[in-house]
Amino acid sequence: MRWSHLSGATDDDSLPNAAPAAPPLPLALPGATVRTFETPGFAGMTFYEIRAKSLINRVPGASRLPFQWTINPYRGCSHACSYCLSGDTPILLADGSTRPLSQLRTGDAVLGTMGAGPHRRYVPTTVLDHWTTSRPAYRVTLADGTRLVASGEHRFLTDRGWRHVSPAEPGLPALAVGDRMSGVGRFADAPKESPDYRTGYLCGLVRGDAGAPAGSREGDAWIRADGYLEDIPMHVALRWPEAPTGGWHRGFLAGAFGSTGHADRLAIVFTSRDPGFLDRITDALTHLGLPSRRPPHAQLGGVHSVEIARDLWAALRFRHLTGVGDAPLDASGVGVRGEAQLTVADIEDLGLTLPLYDIATGTGDFVADGVVSHNCFARNTHTYLDLDAGHDFDSKVIVKVNAGELIRRELAAPRWRGDSIAIGTNVDAYQRAEGRYRLMPQILTALRDFANPFSILTKGTLLLRDVDLLRQAASVTRVSLSMSIGFVDERMWRAVEPGTPSPRRRLDAISRLTDAGFSIGVLMAPILPGLTDTDESIEETVAAIAAAGATSVTPLALHLRPGAREWYAAWLTREHPELAAQYRELYRGGSYLPQTFQNEIGARVRMAARRHRLHRPPGGEARAMGVDGAPAADHPGTGTTGGAPERTAGRGAEPRQLTLL
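Just so we're aligned, residue 43 is where the sequence shown starts under the numbering used here, counting upward by one.
Take these hints with a grain of salt, some might be off.
Stated by the list, open to error - With beta-carbon atoms standing in for the labels, derived distance ranges:
| # | residue 1 | residue 2 | range |
| --- | --- | --- | --- |
| 1 | 284 | 306 | 27 to 37 Å |
| 2 | 142 | 236 | 20 to 30 Å |
| 3 | 455 | 514 | 15 to 25 Å |
| 4 | 391 | 517 | 23 to 33 Å |
Honestly, the hints are just simulated from the structure, not real lab data.
We put the CB at the ideal spot given by N, CA and C, even for glycine.
Build the full structure now, drawing on both the sequences and the hints.
See below:
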């Protein structure tokens, strides 16, 4: 069992909001403790505090990582973001019906989008995960009266791209009054089965089916009619009302569709030999605001027809207004548009923390009350712990609260030989949660006291907090520090690493660590084929790394393991569909790029590094000098979010690529 190296949690229950873990949670272990915090940065997250049985773990023998031992005080990552909406928000299913967000389930087919800019199109997709959280809520009102309650981090698609409702972090694209959202417009309310609706339904069904043989009067429509006839006499139902109500019009169209209508992709078509009956259908459609057309001449056999406008808005509005649920919808390939009625009229902070919901889909988005809405996606790391690769990775963080005592016990064990330990090889040890739990100072103090060599790889600028401890450790043993910076393009960072410190902040951290006496190596990772592997991107990134004072740069191309592969593919096909075929070809052989492609990227990075006087020593060793001349660890951490599970021993070859963090 993958939990065999873990046991119960700390006995210290002094922190607020603690509760014992219980089934069916994966971490249903005796004494385990669940923490939640009211701090906005951790809203919607759950921390499982456990007392692990071990902290120093072997790397699997099949791994390509160049180190044998790792420390990972966390599983799951609080770098990631949550995006959520009110549970009563209607979500568009692939068949054209809607369902409240709170009632969706994994496996449901919904409508998402693919493409970019004016070329984005609707496609069916699948709900991969569904969860709830509590977050400060905002209300977004559109010109057509649509009101959406969402968290500040939630993103909607606008004419200016994806926009957060009210982002907490500066620099993120924020929604503004006047932005035009994309979608089909507000969903119509379903009809109430009032007496008028039922009467209209019977009239449309019976009159429309008047010319059909009696034997054909069966099926769901007639079963429904039989129920209505228990309360409404047939002679009443067949009267044409002098002043039909909206309810009657809705019911009449639903009944008429049951007898004379059919759906063809987006089109709704009624056919009849009775032009007067079709006139009534046209009147009902006009009353409900649905444009229609009548071919001027009858078809063969004297059949006339009425057809609703062939667009997604009309197709959905007809289904929703009438309650017709058996009209198949095929919206694949229909273009996504932004209409004037979807202009943002108001954004209001409700001043309340409300229960909100979110889903993960195969396309990374969905349609919420008529507007295109972004969802959360994550990587596959958590599947090692029998947790899902989606929301669990972002929101369920396992904290080894006894890391400090464990590291001392294991370093003191007679069998321990003092090998170098890589920290941050699976999940960033300096993620935001470290600011609260402060596990790394305890680990660094123990490594210093035992003079045990180690390396740290991180994207977290929180590393600067521990500079004094790092200097002390470097005075007695080999210490290597590496920062991961794959690119410096701010837009790309917001797209693929939105929960991490920006590349500029990481570059600033390198400068400050260099000033403190450290030689910092940079893993230029991940390099994204077709996106950040251009000569311009490589040159800009290497130049910035050199200017920050780094002593070496090691290029690592994108590595897509199962799980991470699916999540990244969903993002890529949504944001850069023109690259989908290229990626399928590049990664058809597995998780790694072809060797020739890797070599070509590496050569271009090395050439840029030489131009900027950054050069990695030969032999694959990213050596650096620690403080006071102490040599750094032979193999700095080259960890990945899809990194080594904490199990079997062995030493692998040097890695050539890095999983997307």
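Using the beta carbons of residue 142 and residue 236, state whether their distance is inside 20 to 30 Å or not.
22 Å, holds
A range of 27 to 37 Å was offered for this pair. Does it hold for the Cβ distance of residue 284 and residue 306?
34 Å, holds
A range of 15 to 25 Å was offered for this pair. Does it hold for the Cβ distance of residue 455 and residue 514?
23 Å, holds
Assuming the hint says 23 to 33 Å, is it satisfied by the Cβ distance from residue 391 to residue 517 or not?
50 Å, violated
Hint compliance for this structure: hint 4 alone is broken.
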